[in-house]
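Those protein sequence lines, which keep their order, are chains C and H.
Per the working numbering, the very first residue in the first sequence carries number 1078; after that it's consecutive.
Per the working numbering, the very first residue in the second sequence carries number 14; after that it's consecutive.
Please note that a few of the clues may not be correct.
[What the hints assert, rightly or not] Here are some chain H residues pointing at chain C (derived, C-beta under 8 Å):
hint, residue
1, E162
2, A383
3, P393
4, K394
[Said to hold, decoys possible] DSS-like cross-link-like pairs, simulated, lysine-lysine; straight-line CA separation at most 27 Å:
hint, chain 1, residue 1, chain 2, residue 2
5, C, K1125, C, K1159
6, H, K90, H, K287
7, H, K394, C, K1103
8, H, K32, C, K1147
9, H, K168, C, K1183
10, C, K1104, H, K394
11, H, K287, H, K85
12, H, K169, C, K1205
13, C, K1183, H, K169
14, H, K410, H, K435
15, H, K194, C, K1147
16, H, K169, C, K1229
For the record, the hints were derived by calculation from the structure and aren't laboratory data.
We treat Cβ as the ideally placed atom computed from N, Cα and C, and that holds for glycine.
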Amino acid sequence: MKLTIGYLYGDLMNIYGDTGNIIALKKRCQWRGIKAAIKMFTIRNSLKQGQADLFFFGGGQDQQQELVAKDLGKSAKGKVIKSEIERGVPLLSICGGYQLLGKYYKPHEGPELPGIELFNAYTVASDKRMIGNIVIESMFGKLVGFENHSGKTYLPGDATPLGMVVKGFGNNGEDKTEGCIYKNAIGCYMHGSLLPKNPILTDWLIKKALEVKYGKPIELKPLDNSLENQAHHMAISRFG
Amino acid sequence: MRLIAAIVLGKFIAYLSRKFRIGGGSAAPGLFALRIDPELIERLSKKIPKNIVITGTNGKTTTARMLAHFAKANGLKVIRNHTGSNLERGIASTLIQGVQLTHPGGVLNRHLGIWELDEAAFNNVVPKLNPDIVVFLNVFRDQLDRYGEVDSVVKKWSETLRELPKQTLVLVNGDDVNCAKLNAAFKGTVYQFGVKDYKVTGESIGYKKELEKLECEAINVKLKGLSGSSFSVVIHDKPTPVFLPLPGIYHIYDFLAAFYLGHELGFSTKGMIKSLKNFSPAFGRVEKLDFGYIFLIKNPAGATQVFETIAPNLKQHDRLLLALNDNIADGTDVSWIWDGDFEELSLRGAKRRGNLDSVFVSGTRAYDLAVRLKYAGFDPKSIVVQPELENALKQAKKGLKGNLFILPTYTAMLGLQKILAKSGLKKHYWEEE
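Produce the complete structure using the sequences and hints provided.
In structure tokens, the structure reads:
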């Protein structure tokens, strides 16, 4: 079996530790004999249906985020991503990437940055920097990471949060929600890096990607997760 | 009057802190003295004829120490902030300790002030120090929780530079694309240093050096393992051969900065190069021990440079001890280990020598490090996790046949120094100078 991991704007959106998520996906495929290729989709190139089996979208600095927001709309990559998610392709987005997949991002000054409206969520810049270790309770059990954002994200209506905050700020530091999940697409504020320390989530993304690609239920070969689980538990016991 | 009161209090706190061995007294005296006289730094630094400020993500301490070494060889009396305490309070502590209260007016009897400031403290402290020369070594991603993103660091530096008087001399690393952006922000003279054919790796990927003019350049670089490197330094079109007893390309940049500063201060080229023979680097940055080496790692770019330096020199019976803490001085976000090129450390070395028999990991986030090593290609069976540093060191030394390479983050390095001093393996760091 073979997977192509689409790294969305990996040259512009790769703030602290985002690469760790790509490494985790790739290694956990390889250890199971699944070939994993990383393909970057950025401002220079186009994106067509079926070119990636799994998407990752990291965080970026303000200037880069603006460029990417423009390109998502102009190049129609945004539309392709949305239709891929509709057919079940999994996606993980963190921080800036998560914000751009919502309805809009409202900065302190200047016009709103439009998002692609994959998530029914919107983000407003705030003066409060939300920094620190974060632990949430989710459908994957407890997840641990590190958040560092000043944008406050709100989920109006029927949007489903990824989980509820046990320790930390989450989406906005007010309503205890963290992240958003729609079909197999996840957005959240959890760096850390997230996937190496939360192997259940990593494997869920891989499994969903294979199931959509090969059109059948997939059981992943179990791996020895003892180091990953110890890192996970150590973080929870220190911060949770 | 306020100033005198602040100095007396600061000196008293420094005395207590040493007497009771609660650290080297490098922050607390300044912290309390600044509360009494917030203008203490302006008032005291004015009494020093020349002040130099060094900033950047990596290499500040080594550069400052090397310049101090050159200055001392030239008979100058130097005052500088030691032991990596580069925040405002560290500067204040140092100034207080330099004051001779018995002298009328409390005069600082020094010729040269060398101040290392971290990326954030730079903007607050530079206007107070009003330096003659400012050096920018590099800027990499480092502790996003404290400094913010690279773009915002450079933006704030530019704002600070705009306010500096025109006669200040600004020296920048011309190979670092982000530092080079600073040229536009300053109205006075900007000089650049760099290494021929090299670009600064780790962050500024894809940067090709354009045909810019470098006032100070290293050419014909040859790396000589862990013992150092040889090259020629060119200043005003005149090349002079150098042997630098510090390993790794990143130390050449530190040398170039210190060397050009020395040149500006009127030190002789030959004298500086000759005095390198008895230069020893700052504690814990890169340190030779009887049983191995210590290399400080604190951010992705710096860690990757250390890996690139030691990987080709690891031998089969050598061992690694890595220690990751997440205290405030280390950065509370440990995500950075995923941007450091640990793959270089495992894969490149393994090809040459076979796998190391064991790798020890320690510190408050030892398991995060263990996971990083596993995903970098180390065999999980060879990874020994021992969060407690003293025990980890004991285990790593037991039956050691080769060298032990210890790679700690900042507070782990301080802990390590204490452990080494306690077991008589070396002196307390504040006793070293």
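Going down the list of hints, with the structure as the test:
{"no.": "1", "hint": "E162", "result": "holds, 5 Å"}
{"no.": "2", "hint": "A383", "result": "holds, 5 Å"}
{"no.": "3", "hint": "P393", "result": "holds, 6 Å"}
{"no.": "4", "hint": "K394", "result": "violated, 10 Å"}
{"no.": "5", "hint": "K1125(C) with K1159(C)", "result": "holds, 12 Å"}
{"no.": "6", "hint": "K90(H) with K287(H)", "result": "holds, 20 Å"}
{"no.": "7", "hint": "K394(H) with K1103(C)", "result": "holds, 21 Å"}
{"no.": "8", "hint": "K32(H) with K1147(C)", "result": "violated, 61 Å"}
{"no.": "9", "hint": "K168(H) with K1183(C)", "result": "holds, 22 Å"}
{"no.": "10", "hint": "K1104(C) with K394(H)", "result": "holds, 17 Å"}
{"no.": "11", "hint": "K287(H) with K85(H)", "result": "holds, 13 Å"}
{"no.": "12", "hint": "K169(H) with K1205(C)", "result": "holds, 19 Å"}
{"no.": "13", "hint": "K1183(C) with K169(H)", "result": "holds, 23 Å"}
{"no.": "14", "hint": "K410(H) with K435(H)", "result": "holds, 16 Å"}
{"no.": "15", "hint": "K194(H) with K1147(C)", "result": "holds, 25 Å"}
{"no.": "16", "hint": "K169(H) with K1229(C)", "result": "holds, 24 Å"}
The structure is inconsistent with the numbered hints 4 and 8, although it conforms to all the rest.
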